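**Q** Single-letter residue listing:
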Amino acid sequence: MLQVRDGDGETLGVLFERYHAPIYNFYTKLTGDRALSEDLVQEVFLRILRHRQTFRPGTPFRAWIYQIARNARIDHFRKSRPQVPFEPEMAPTVAPGDPAQKQQESELLHRALMELPEEKRELLVLCRFQELPYEEVARLVGCGVSTVKVRIHRALQELRQVFHQLQAAPANSAQRNARQNIPPRRLGHEV
Amino acid sequence: MKCEEIAGLLPDYLQEGLSAEQKKTVERHLESCVECSEVAGLWKKLALIPDEQPSAAGRQRFEAMLQAYQTGRGDEGLTRRAPDKGASIWSVFQWLRSPVGAVAWSIALVALGAYLGLQLGNAKTNSQELAAMHTELTKMRQIVALSMLQQQSASQRLEGVTWTRREGQLDPQVLSALMHTLRHDQSVDVRLAALDALSRHAGQPQVKKTVVDALQEQQSPLVQVALIDQLVEWSDAEAAPRIEKLRQSANLNPTVRQRADWAISKLN
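So the sequence lines, in the order shown, correspond to chains A and B. Take 666 as the starting number for the first sequence in our numbering and just add one per residue. Take 734 as the starting number for the second sequence in our numbering and just add one per residue.
Same shape as in the complex, but just chain A (with noise of 0.2 Å):
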């Protein structure tokens, strides 16, 4: 990085080869939304490329860029288009050759942690997807390390009360509009 703070541009390129999917993970799994978050992407690296000066020697880069890219995503949100609600062919495919259910399974997920209020969905990315440790967390989002870990089980416990919600809505869904003959709903973006 101070590479490119010096003015190296070719070594962004190399940041970028590490730090994009990464960084775009980081954005679906808070969004659901792939071209929002190709385009915050884009904005995290321009913001390096315009803001590179404020880098200082010893920092560490991975916590700078995930201020950036925390940054970008609350200045878009302050200034434009509410979040797209989850719909499930958002939900990234399984690997091919896994069964069915754990397809199901891992939409669930998506949909209950798409469900959770926004701090605590961006504090279990950031811990579990991210694997950034409790202490890098904390500095990131300006608290204490034992606030992050008591965030993070408050987290899981209401993942796990939305995620059962989910797990039995669909058949209550299903015996429902069996009763009404209303056909199942097709799945789709409605936005």
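Check each hint, because a few of them may be wrong.
Within a straight-line C-alpha distance of at most 30 Å, the following computed DSSO-like cross-link-like pairs (lysine-lysine) qualify [said to hold, decoys possible]:
(1) B:778 with A:785
(2) B:735 with A:785
(3) B:756 with A:767
(4) B:941 with B:978
(5) B:777 with B:757
(6) A:767 with B:777
(7) B:978 with A:785
(8) A:767 with B:778
(9) B:756 with B:735
(10) A:785 with B:941
(11) A:785 with B:777
Bear in mind the hints are in silico, worked out from the structure with no lab data behind them. A quick note: this is a predicted structure, and the numbers were derived from the prediction, not measured.
Dock chain B against chain A, hints included.
**A** Below, chain B without anything else, positioned relative to chain A:
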């Protein structure tokens, strides 16, 4: 052990941060408690949501942006690496900014203040003396900033811009030098820094006009995007036609065009 006690250990258990002893304690509890076991199980199950690969289009957009940036920089990198003519002056400034230099600088200022105080005699009150010292210090800072903005080396000019940020109110001469830097400095970095510094002085009508004018002059996509963002930040509706004009320019970088579209929709 109760669930409340386990709750304190569970997050560390999930990130494998417990001692062998603590780990055993948690695992014994998980065997007998359905709720805690489900919570821990969910953490593992989250791995079922796989990572996705970003599209190739994202990489192409990034490469286009990087290419545009490097084109915008031109031979600036070479300029920066050229030997500094003002190196000796710069080393003095560097020394002044080092911890030892800062102490010396502070002592000198206190001594100067005391001397001025004695010279001025008892006619003035303490607060007047302090105000005079403060004005003197501000003037000195602005002189340093002004002098650094005129240096050969881009990094020195960048430092100059940083000095201007230390002042709440800028001397008209420094403000004018900053606006000149935004429009004509050969370094993208210095122009971007100047824009950041000027964004704090939106109250000055000349500043907004300079930013709008710079929109038509700048060739670097990075600076163009920064200017557009700034105008949106200021909600400067009068800038919309100028952004529209930029949007219609031939050979405009696609990222800038996209940003201009967004800005026009925000400002109208």
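**Q** Please go over all the hints and tell whether each is borne out by the structure.
**A** Each hint, compared with the structure:
Only pairs whose Cα atoms come within 30 Å are accepted, and residue 778 of chain B paired with residue 785 of chain A is accepted, the gap being roughly 17 Å. Taken as a hint, the residue 735 of chain B and residue 785 of chain A pair is honoured in the structure, with Cα atoms around 24 Å apart against an allowance of 30 Å. With a C-alpha separation of about 28 Å, the suggested pair residue 756 of chain B and residue 767 of chain A falls inside the 30 Å cut-off, and the hint holds. About 17 Å separates the Cα atoms of residue 941 of chain B and residue 978 of chain B, which keeps this hinted pair within 30 Å; it holds.
Note on residue 777 of chain B and residue 757 of chain B: the hinted pairing holds, with a Cα-Cα distance of about 18 Å set against a maximum of 30 Å. At most 30 Å may separate the alpha-carbon atoms for a hinted pair to count; residue 767 of chain A and residue 777 of chain B meet this at roughly 13 Å. Annotation: proposed proximity of residue 978 of chain B to residue 785 of chain A is violated, straight-line Cα distance about 44 Å (limit 30 Å). For the suggested pair residue 767 of chain A and residue 778 of chain B, the alpha carbons sit about 10 Å apart, so the restraint of at most 30 Å is met.
Between residue 756 of chain B and residue 735 of chain B the alpha-carbon distance is near 15 Å, which keeps this suggested pair within the 30 Å criterion. Pair hint residue 785 of chain A plus residue 941 of chain B does not hold up; C-alpha atoms about 41 Å apart against a cutoff of 30 Å. This hinted pair checks out: residue 785 of chain A and residue 777 of chain B have alpha carbons roughly 17 Å apart, not beyond 30 Å.
Consistency note: the structure conflicts with the earlier hints numbered 7, 10.
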